[in-house]
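Chemist: Chain by chain, the residues run as shown.
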Amino acid sequence: MNQHGSSVKNWLLGYVDAWDQFWFTPRQPHTLSILRIIAGVMLLYSHLVLATDLSAFLGDTAWVNNATARQLHDGTFGISDYGRTYLWFISSPTLLWLHHGFAIGVTACFALGILTRITSPLAWFLQLMYLHRLTGTLFGFDQILTYIVMYLMLAPSGSCYSVDAWLRRRFISIDRGRFWNWLFPEAKATVLANIATRLLQLHLCLIYLFGGISKARGQTWWDGTAVWYSVSNYEYQSLDMTWLSGYPRLFSAMTHVTLFWEVFYCALVWPRLTRPFVIAIAVAVHAGIAIALGMITFGIMMIAANMIFISPVWMQHVLVRLRRPSQQDEG
Amino acid sequence: MDSEPVLLTKRVRLLISILIIGHLLALVLPPLSVQTRGSIGQSPSVSTALDFFEPYSQALYIDRGYAFFAPDPGPSHLIQVAISRPEEPLLEKMYPDRNEQWPRLLYHRHFMLSEFMHEIYQPPGPSEELLKANRQEARYWSLLRARYKHVHQSLVDHLKHEHPGDEVAIRRIEHLVPNLIDYQQEPIELTDKRLYRVLLDQPIEQDASE
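Keeping their order, the protein sequence lines are chains A and B.
Residues 1 to 331, numbered by the working numbering, are exactly what the first sequence covers, in order.
Residues 1001 to 1210, numbered by the working numbering, are exactly what the second sequence covers, in order.
Since the hints were derived computationally from the structure, they do not count as laboratory data.
A quick note: this is a predicted structure, and the numbers were derived from the prediction, not measured.
Be aware that one or more of the hints could be misleading.
With the Cβ distance kept under 8 Å, some of the chain A side facing chain B (calculated, not the full set) [to be verified]:
(1) Thr146
(2) Trp182
(3) Thr225
(4) Thr297
Below, computed lysine to aspartate or glutamate pairings styled on EDC-like, alpha-carbon distance capped at 16 Å [as the list claims (entries may be wrong)]:
(5) B:Lys1093 - B:Glu1167
(6) B:Lys1093 - B:Glu1174
(7) B:Lys1010 - A:Asp17
(8) B:Lys1010 - A:Asp20
(9) B:Lys1093 - B:Glu1162
(10) B:Lys1193 - B:Glu1174
(11) B:Lys1149 - B:Glu1100
(12) B:Lys1160 - A:Asp60
(13) B:Lys1093 - B:Asp1166
Note that CB positions come from ideal geometry on N, CA and C, so glycine has one too.
Generate coordinates for the entire structure from the input sequences, incorporating the hints supplied.
Modeler: In structure tokens form, the structure reads like this:
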């Protein structure tokens, strides 16, 4: 009995060790910092596009006006949720423009890595407020973008490839105390960078798993015609791919690969042996969506999200190699 | 991984682990509740678990189903607008319109709006039969109908604001994707008139399409 008890205890302790190693091993911030730049630029683009027609989406004369947007969440129509935003209550166009200008400024700072410890959570919060206001006009792009920004907020994503890093090198060479070290963090391995990475990795796995399961309920994802029906939807189409109808083996193979890749992504992305193939298919699928189905922003953000599986050490090596020729030129 | 685990105390690791597990449950339960919905509604076990995490998931906008192009890629839903102007010809517009809304992200926002109008559509009602058989269901029907009518009116009001003094009417249009076998035999333009149909706003007993 004691021997059995000891085996069970060791077995359980093995799990605890594995859990600790998975979540609490420090990680370098370089991949997250690159992701900060991409997500920041894309969030800035999203806000700028909204600015081209701001009154059509915010305020009392928007497509979905303030009162209706609030009622869609507060139970007036029998459906209540906890999505809340102060934007339901802002009617003044001037105030909406000031708010939007502020959001654009914060997001630009986040992308450039200016006071990232502050601008990162602020950019996420402002985005969340927009999402709860823009009910009915959102799609996958808004989801993945917001999730990336949410996890970046946890990590010191401004510790490299940022204005913060430059300021630290330039002005904070000597230790000036905890606050300044927190505000301008050193680019070193931290547990928080690892937790942010792990959360985004797992969230991405869930998105693909449930995306795959949802598709597996359909008929066209099994009979191989789903890709053709997707590219033949005129409203999505940005590149005419209807010629695929003449190549049933091609479009059915694309359909089957998409379905199986999506369902098994959550398992095959972890082993080093299968990871490159899984990521390569992700890039191909999302590039296809970006080019042929008109969702360039969504395609780019999904490819960027897949970067979370790239080791920061590898990322550093690649960036150093890319920089070296220009440094030699300068020399 | 870059180095050995740091020495976080056991208590800190336990606290962070609880937060992580809570967050992961808040991520997985909403799409699971979508997939486990059936003849008895939501799965009772998933529904019970979700009750606890739903406020957090909804507040953080992580309560999504992730059903992209699923279960099957289908037709698009558009909004057709008719603007009557005094002493001028009738002005007709279609939303989304890739020639009118640019850049593509702005076009896509309008496209999602027209899809949303279809998603929340609830026919007029409830019927007398439903009122007699199930008052609760009938009340829910009325609420969903009110939701559709409010959003519909909001869209009309927006267009009236854009076109002051004009009369505005909107209706829903379905844009079908051609059947593959028909297309292989006789390719047609994706904008062929035969692929568009008007979705009428009428009680469910009648044929809802034209």
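Chemist: All hints are to be evaluated individually against the structure, with a verdict given for each.
Modeler: Do the hints match the structure? See the list:
1. Thr146: 6 Å, holds
2. Trp182: It is violated, given that the least Cβ distance between Trp182 of chain A and chain B is near 17 Å, above 8 Å.
3. Thr225: 6 Å, holds
4. Thr297: 5 Å, holds
5. B:Lys1093 - B:Glu1167: 14 Å, holds
6. B:Lys1093 - B:Glu1174: 15 Å, holds
7. B:Lys1010 - A:Asp17: It holds: about 12 Å lies between the C-alpha atoms, which stays within 16 Å.
8. B:Lys1010 - A:Asp20: With Cα atoms ~10 Å apart, Lys1010 of chain B and Asp20 of chain A stay inside 16 Å; holds.
9. B:Lys1093 - B:Glu1162: Roughly 13 Å between the alpha carbons, so the hint for Lys1093 of chain B and Glu1162 of chain B holds.
10. B:Lys1193 - B:Glu1174: 11 Å, holds
11. B:Lys1149 - B:Glu1100: 26 Å, violated
12. B:Lys1160 - A:Asp60: 13 Å, holds
13. B:Lys1093 - B:Asp1166: 14 Å, holds
Of the numbered hints listed earlier, those contradicted by the structure are 2, 11.
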